[in-house]
Amino acid sequence: MVKRIAVENPVDPKILGDALTFPTSKKVAKNRFMKAPLSENLAKWDPTNPAISGAASDLHVNLYEKWAAGGFGIVVTGNIMVDQMHLESPGNTIITKELDLPHRREIWKNLASKAKQHGTLIIAQISHAGRQTALIVNQHPFSSSDVQLKRDAYGREYGVPIALTEEQIKTEIIEKFVYTSKVLYECGFDGVELHGAHGYLIAQFLSRTTNKRTDKYGGSPQNRARIVTEIYEAIRKEIPVSTGFIVGIKLNSVEFQREGLTNEEAIQIAKEIDNVGFDFIELSGGTYEAMGFSHKKKSTIAREAFFLEFAEKIKLAIKSAVVYLTGGFRTVPGMVKAVECKGTDGIGLGRPITQDMDFPIKILNGTVHSAIQSPFGDDLLSNGLSCNCQMAQAGLFPYSPDKPLTDGVMDITDEKTLKEFKRAQNEFMQNVIRKMIGKQFYHGIVPYRLNGQGKDFVIEANGFEISFLLRTGLCAFLVFLKFQSYMC
Numbered sequence: 001m002v003k004r005i006a007v008e009n010p011v012d013p014k015i016l017g018d019a020l021t022f023p024t025s026k027k028v029a030k031n032r033f034m035k036a037p038l039s040e041n042l043a044k045w046d047p048t049n050p051a052i053s054g055a056a057s058d059l060h061v062n063l064y065e066k067w068a069a070g071g072f073g074i075v076v077t078g079n080i081m082v083d084q085m086h087l088e089s090p091g092n093t094i095i096t097k098e099l100d101l102p103h104r105r106e107i108w109k110n111l112a113s114k115a116k117q118h119g120t121l122i123i124a125q126i127s128h129a130g131r132q133t134a135l136i137v138n139q140h141p142f143s144s145s146d147v148q149l150k151r152d153a154y155g156r157e158y159g160v161p162i163a164l165t166e167e168q169i170k171t172e173i174i175e176k177f178v179y180t181s182k183v184l185y186e187c188g189f190d191g192v193e194l195h196g197a198h199g200y201l202i203a204q205f206l207s208r209t210t211n212k213r214t215d216k217y218g219g220s221p222q223n224r225a226r227i228v229t230e231i232y233e234a235i236r237k238e239i240p241v242s243t244g245f246i247v248g249i250k251l252n253s254v255e256f257q258r259e260g261l262t263n264e265e266a267i268q269i270a271k272e273i274d275n276v277g278f279d280f281i282e283l284s285g286g287t288y289e290a291m292g293f294s295h296k297k298k299s300t301i302a303r304e305a306f307f308l309e310f311a312e313k314i315k316l317a318i319k320s321a322v323v324y325l326t327g328g329f330r331t332v333p334g335m336v337k338a339v340e341c342k343g344t345d346g347i348g349l350g351r352p353i354t355q356d357m358d359f360p361i362k363i364l365n366g367t368v369h370s371a372i373q374s375p376f377g378d379d380l381l382s383n384g385l386s387c388n389c390q391m392a393q394a395g396l397f398p399y400s401p402d403k404p405l406t407d408g409v410m411d412i413t414d415e416k417t418l419k420e421f422k423r424a425q426n427e428f429m430q431n432v433i434r435k436m437i438g439k440q441f442y443h444g445i446v447p448y449r450l451n452g453q454g455k456d457f458v459i460e461a462n463g464f465e466i467s468f469l470l471r472t473g474l475c476a477f478l479v480f481l482k483f484q485s486y487m488c
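Every letter in the sequence shown is one number past the one before it in the working numbering, and letter 200, counting from 1, is 200.
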């Protein structure tokens, strides 16, 4: 039996079942729950064969149909990249003009069709990584300015970015977001969410940390938000409001770094975005340099949601758009309180639902009052790797009404399973580091309970260069991991 977070005083979850109407498209989400975006890392990537890179597969179809069957009002995919040279990570799905092939579209059509059969709205998160593009993919990615992200919170290194010209903003960014949106609309998706948080390209324009421009795209919060309003208007020219197609955006409510987006600036930017007609705004926080999830004060822990105190201020300034808040929700009392205090309209759930795919159904019928207890605490790496593994496990088998949605998905709260997974994770990380030291790229899913297909979930490539300093540090970490594997 899975272990859940203790709840001393359960509350009535009824308010979480309220429908939400999107103001521009007029589409209706059947309840307040959003399956928040999570990078699946389930697509192939081969720098020598772009045609197979970033294609969705039955893994994605199976995974998203299960979440749709789990009772969410809206289900949002992980990063779908609008440019194959600007990936958040190899393993992302990609939709571009160059890779727009009939068989690739068929998978997306199948995914949308199966998800919608369960009464959920299926939304695609579309993204451009900008300066946060993996070094193995692009050594000189585009960004708002030439401010390099030398190393992120995980120790990964990035190239020196190229500042986009005004013409390139139109041809390399806006037109690509529009093309991807149009393909998804034609494939039957209910809408798109622009990824404007966590330090990706749009966030690079919004933040003073990375936007040093002196033209119409720099300076004031309104100017920095110009790229967002222009992307929105360009999408609406191709996909009018009359189609009922939803356009939302994910934004940081705050960034925790020098010159980062302040809550006051986020409020001004949210107002601009609300005024132009976005259907929803999903609020989160942090960047690769300073992950918001690690900036938790005692008051935040007590209130549960990581960014609620910032979201409340933004919500007050929003007149039309539906507001979702993602990050930290683990109990029904915490969710209900966030809605009742007007901090958010909707509840975004990410990591807790890779093992609990029908969490909304269980909450609304009173079966459970909290999320499954993660054994990893604030360990982002282990949490991320275990969630990716659970997504892969869920994707291996198609949805069946006769089986639990989590059939084949590991119970990470089981002591024996946890011990086995930790051992597999340590072996996986040893391979990652060993390959990096040898100038090779090794990325993917921890090969644990993947139906004998573990190798199919790993991406390898040669010619991966890292600094001497990082290589030295990795050698030390490799020794540590070997020691840890003996202790599992």
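Keep in mind the hints are simulated off the structure, nothing from the lab.
Accuracy of the hints is not assured; some may be wrong.
What the hints assert, rightly or not - Quick list of in silico lysine-lysine cross-link-like pairs, PhoX-like style, CA-CA up to 20 Å:
hint, residue 1, residue 2
1, K362, K14
2, K109, K14
3, K27, K182
Consistency of the hints with the structure:
1. K362 x K14: At roughly 12 Å apart (the allowed maximum being 20 Å), K14 and K362 satisfy the hint.
2. K109 x K14: The hint is violated at about 33 Å.
3. K27 x K182: holds, 18 Å
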